[in-house]
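J.: Could you slot chain B onto chain A? The hints should help.
Protein sequence lines, in the order shown, are assigned to chains A and B. Just remember that the working numbering sits 1 ahead of the position in the first sequence, which is counted from 1. Just remember that the working numbering sits 81 ahead of the position in the second sequence, which is counted from 1.
These are computed hints drawn from the structure, not numbers from a lab. Every residue gets a Cβ at the ideal spot worked out from N, C-alpha and C, and that includes glycine. Be a bit skeptical, because a hint or two may be false.
Okay, the calculated beta carbon distance ranges per label pair [said to hold, decoys possible]:
{"hint": "1", "chain 1": "B", "residue 1": "Arg354", "chain 2": "A", "residue 2": "Glu151", "range": "18 to 26 Å"}
{"hint": "2", "chain 1": "A", "residue 1": "Ala112", "chain 2": "B", "residue 2": "Gly385", "range": "17 to 25 Å"}
{"hint": "3", "chain 1": "B", "residue 1": "Arg100", "chain 2": "A", "residue 2": "Thr15", "range": "44 to 52 Å"}
{"hint": "4", "chain 1": "B", "residue 1": "Trp360", "chain 2": "A", "residue 2": "Glu73", "range": "23 to 31 Å"}
{"hint": "5", "chain 1": "A", "residue 1": "Thr15", "chain 2": "B", "residue 2": "Lys551", "range": "49 to 57 Å"}
{"hint": "6", "chain 1": "A", "residue 1": "Ala112", "chain 2": "B", "residue 2": "Gly602", "range": "26 to 34 Å"}
{"hint": "7", "chain 1": "A", "residue 1": "Glu151", "chain 2": "B", "residue 2": "Arg100", "range": "45 to 53 Å"}
{"hint": "8", "chain 1": "B", "residue 1": "Ser191", "chain 2": "A", "residue 2": "Thr15", "range": "50 to 58 Å"}
{"hint": "9", "chain 1": "A", "residue 1": "Gln170", "chain 2": "B", "residue 2": "Ala538", "range": "29 to 37 Å"}
{"hint": "10", "chain 1": "B", "residue 1": "Ser503", "chain 2": "A", "residue 2": "Ala112", "range": "41 to 49 Å"}
{"hint": "11", "chain 1": "A", "residue 1": "Glu169", "chain 2": "B", "residue 2": "Leu348", "range": "34 to 42 Å"}
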Amino acid sequence: MGDPVVQARGLVKTFGRVRALDGLDLEVAAGEVHGFLGPNGAGKSTTIRILLGLMRATAGEARLFGGDPWREAPTLHRRLAYVPGDVSLWPNLSGGETIDLLLRMRGVDPATSRKGDMAERFKLDLTKAGRAYSKGNRQKVALVAAFAAEVDLLILDEPTSGLDPLMEQAFADCIAEHTGRGATVLLSSHILSEVERLADRVTIIREGRAVESGSLAQLRLAQAGGDENASLEELFLRAYQS
Amino acid sequence: MSTLTGTSALVRQNLRRDRIIAPLWMLVMVVFAVASAAATPSLFTTEADQLELARSLDEQPALRALYGPILDPHAVGELAMSKMTVLYALFAAVLFVILVRRHTRVEEESGRAELIGSTVVGRDAPAAAAVAECLGLSVLLGVLVAVADIVGGLDVAGSCWFGLTWIGTGCVASAASVLACQLSSSARTCGAIAAGLLGGAYLVRALGDGFRATWLSWLSPFGWNTQLRAWSDPRGWVALLYVALTVALLVAARVLRGHRDLGGGLLAARPGRPAGARWLASPLGLSVRVHRTMLVLWTVAVGGLGAAFGAMAPGLDDVIRSVGGGQELIGRLGGAMIAAVLSVVAMVITCYGITVVTHAAGDEAGERADMVLATGASRVGWFGATALTALGGSVWLLLVTGIGLWIGYGAAGGPDPSGSLSAAVGWMPAVLCVVALALLAWSLRPGWAVVGWAVLAVFLLLTLVGELLKLPGWVVRLSPYSAVPQYPAQAWRWTPELVLLAVAALVGGCAWLRFRGRDIG
Numbered sequence: 002m003g004d005p006v007v008q009a010r011g012l013v014k015t016f017g018r019v020r021a022l023d024g025l026d027l028e029v030a031a032g033e034v035h036g037f038l039g040p041n042g043a044g045k046s047t048t049i050r051i052l053l054g055l056m057r058a059t060a061g062e063a064r065l066f067g068g069d070p071w072r073e074a075p076t077l078h079r080r081l082a083y084v085p086g087d088v089s090l091w092p093n094l095s096g097g098e099t100i101d102l103l104l105r106m107r108g109v110d111p112a113t114s115r116k117g118d119m120a121e122r123f124k125l126d127l128t129k130a131g132r133a134y135s136k137g138n139r140q141k142v143a144l145v146a147a148f149a150a151e152v153d154l155l156i157l158d159e160p161t162s163g164l165d166p167l168m169e170q171a172f173a174d175c176i177a178e179h180t181g182r183g184a185t186v187l188l189s190s191h192i193l194s195e196v197e198r199l200a201d202r203v204t205i206i207r208e209g210r211a212v213e214s215g216s217l218a219q220l221r222l223a224q225a226g227g228d229e230n231a232s233l234e235e236l237f238l239r240a241y242q243s
Numbered sequence: 082m083s084t085l086t087g088t089s090a091l092v093r094q095n096l097r098r099d100r101i102i103a104p105l106w107m108l109v110m111v112v113f114a115v116a117s118a119a120a121t122p123s124l125f126t127t128e129a130d131q132l133e134l135a136r137s138l139d140e141q142p143a144l145r146a147l148y149g150p151i152l153d154p155h156a157v158g159e160l161a162m163s164k165m166t167v168l169y170a171l172f173a174a175v176l177f178v179i180l181v182r183r184h185t186r187v188e189e190e191s192g193r194a195e196l197i198g199s200t201v202v203g204r205d206a207p208a209a210a211a212v213a214e215c216l217g218l219s220v221l222l223g224v225l226v227a228v229a230d231i232v233g234g235l236d237v238a239g240s241c242w243f244g245l246t247w248i249g250t251g252c253v254a255s256a257a258s259v260l261a262c263q264l265s266s267s268a269r270t271c272g273a274i275a276a277g278l279l280g281g282a283y284l285v286r287a288l289g290d291g292f293r294a295t296w297l298s299w300l301s302p303f304g305w306n307t308q309l310r311a312w313s314d315p316r317g318w319v320a321l322l323y324v325a326l327t328v329a330l331l332v333a334a335r336v337l338r339g340h341r342d343l344g345g346g347l348l349a350a351r352p353g354r355p356a357g358a359r360w361l362a363s364p365l366g367l368s369v370r371v372h373r374t375m376l377v378l379w380t381v382a383v384g385g386l387g388a389a390f391g392a393m394a395p396g397l398d399d400v401i402r403s404v405g406g407g408q409e410l411i412g413r414l415g416g417a418m419i420a421a422v423l424s425v426v427a428m429v430i431t432c433y434g435i436t437v438v439t440h441a442a443g444d445e446a447g448e449r450a451d452m453v454l455a456t457g458a459s460r461v462g463w464f465g466a467t468a469l470t471a472l473g474g475s476v477w478l479l480l481v482t483g484i485g486l487w488i489g490y491g492a493a494g495g496p497d498p499s500g501s502l503s504a505a506v507g508w509m510p511a512v513l514c515v516v517a518l519a520l521l522a523w524s525l526r527p528g529w530a531v532v533g534w535a536v537l538a539v540f541l542l543l544t545l546v547g548e549l550l551k552l553p554g555w556v557v558r559l560s561p562y563s564a565v566p567q568y569p570a571q572a573w574r575w576t577p578e579l580v581l582l583a584v585a586a587l588v589g590g591c592a593w594l595r596f597r598g599r600d601i602g
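Pulled out of the complex, with its shape left as it was, chain A reads as follows (with noise of 0.2 Å):
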């Protein structure tokens, strides 16, 4: 395995009086699925953002692909997707061309995209107007916009939060397709089964720091004394009453 695809050393990020990050460590390896956890608060869409380089961190350090976010932002976002965690449109563009202006501004040509097959999965009317779109139907405009074309890494905030189950399928099959040609995921969720059944790894996150991070398998060996059957859930729950 090669050079971690994003790594975060000793975050810190304060707003005013608040700590909302308070020295994060994160990695994830190139190829993988990385579950990213933790209640509302945590600090889970604020690491996001300074991932994004669209915060500064107060202190620590962050690398994207090996490179500063912060710096290097534009280049380095042309590699990756990203989808917000509450998706909010401009009310009087249609849907097709929020991803197409998407698209474009990854330097992706929506002709050449995998836009039309993405919309149909989704079942997504591209022609509505943002302001029309249901609070799923917003995540889902997102959504395409992000799975439409390959990029190296996925980052996702909360991606599932407002979709039905047969939606959350086409998602999980999306995932697959995208890991099965090498792309790495950073997932955050609060759907615990999900990222059970989708993330290679996955990162704990508690009050701004991380306190537990890696596969299932050592989670259950650190949390649960090995039970091969504790549930994410069930390491999850621990993780934050002890």
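T.: Here is chain B on its own, set in the frame of chain A:
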């Protein structure tokens, strides 16, 4: 449960949300009223002066179009309130468009209306609450303006009648806005329709007053503001016209509301394009796409306004010469027509620029900026697109105004019509300065973008009231709108233009330096 259940709770909620904008807007209007009322009597030495001035002003079609006619040259109040009767009443009415739209269609578009609708709140309560709040605020504003006039030294009866015209304008504007907000599912389109209704009513009156086609003025509620004759021999029954129109508009809105679903509009939402145009590939493309309809509407509006007023402008130079002693009052009434129109349009165009900046701030709050900046788009691209659309769009609109004036003025046989374009260019540094300050506020902190509106309000107050209150010249000139020469009413001066351009560049540069290094969102 009636369809109005919960209205009073919503009114309280609305008032709480409007606790800054509504008092501030009304305060500005009241300050204008006091200052205008107090300043006027000191401007004439004799009644003969006043009469001659009032008559010669009333002979100018363009001034009648802009401010309405002066029906009784003997009435000091009518002269004193000439700007406020129609033009500022229009500005005041904009508040009600903003408030009604904010509490009805914006709530539906954002989905908050569903949250509210799921509680013990009737179907018509949100619209009813918005109307109740705005009618109440209209009455309050009218009373305050009447008191302001009395405090400023005008006669009590006239002031009260005058306040009544403002109440009427506010009620009609509120009702027209709630009607407009039923039409489209887009809050922006609804706002544009409401603004169009008000602008249309103003235009009809402007044509009627400008061409002395009084019947046309009577068709517009803004015409009633003058025709009520608040200051001498008032026609009280005109007030009933406001009531009748308000009721009619409200009934129409209620009927339309009954024919649509929550979030829906009567104008069917057309399906959009399944694919984006080729140029929709960068932050700038996005900014153009998002703002293009607004920019087109603005272009048509300022171009048409320029041409219409340009056509009515010739001949004003003669007035300035013939009145002589009244130079100061003419200056107060707006100087030469072109300078007067441009001073108003420049301030209004600034609103366009600030809107673009607050939109960019909204994109950040809604995490749409995150999606853009997580692609190959750079920060400089995002900032540059916002700055270019805001600043470049403002420059474009000023040029269009200038060209419109040129065409209208030239067609009507005015001397040296191309000077209108130079005059429009002369306002650019001022507008750029204020928009750059809005950019700086946004760059300091996205939530501060609204400070741009406060900056604009302060400068407007300094410019419009500062001279009335005889504040020291250097204080008034702190406002860019007072610093630029009122060309062609005054001589062109390079120094303030260049200084303001330099300030705008400096402020814009600071904004970029800050934006480059700050957290997004």
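J.: Each hint: holds or not?
T.: Consistency of the hints with the structure:
With their beta carbons about 25 Å apart, Arg354 of chain B and Glu151 of chain A fall inside the hinted range of 18 to 26 Å. For Ala112 of chain A and Gly385 of chain B, the hinted distance range of 17 to 25 Å is not satisfied, since their beta carbons lie about 40 Å from each other. In this structure, Arg100 of chain B and Thr15 of chain A break the distance hint of 44 to 52 Å, their C-beta atoms being roughly 31 Å apart. At roughly 26 Å, the beta-carbon separation of Trp360 of chain B and Glu73 of chain A lies within the given 23 to 31 Å, and the hint holds.
Distance hint for Thr15 of chain A and Lys551 of chain B: a CB-CB separation of about 51 Å, consistent with the stated range 49 to 57 Å. About 32 Å separates the C-beta atoms of Ala112 of chain A and Gly602 of chain B, a value consistent with the hinted range of 26 to 34 Å. At about 52 Å, the beta-carbon gap between Glu151 of chain A and Arg100 of chain B stays in the expected band of 45 to 53 Å. At about 31 Å, the beta-carbon gap between Ser191 of chain B and Thr15 of chain A misses the expected band of 50 to 58 Å.
Evaluation of the 29 to 37 Å hint for Gln170 of chain A and Ala538 of chain B yields a failure: the beta carbon distance comes to about 54 Å. A hinted range of 41 to 49 Å for the beta carbons of Ser503 of chain B and Ala112 of chain A is consistent with their spacing of about 47 Å. One distance hint, 34 to 42 Å for the beta-carbon pair Glu169 of chain A and Leu348 of chain B, holds here, with the actual separation near 36 Å.
Checked against the numbered hints given earlier, this structure breaks hints 2, 3, 8 and 9; the rest are met.
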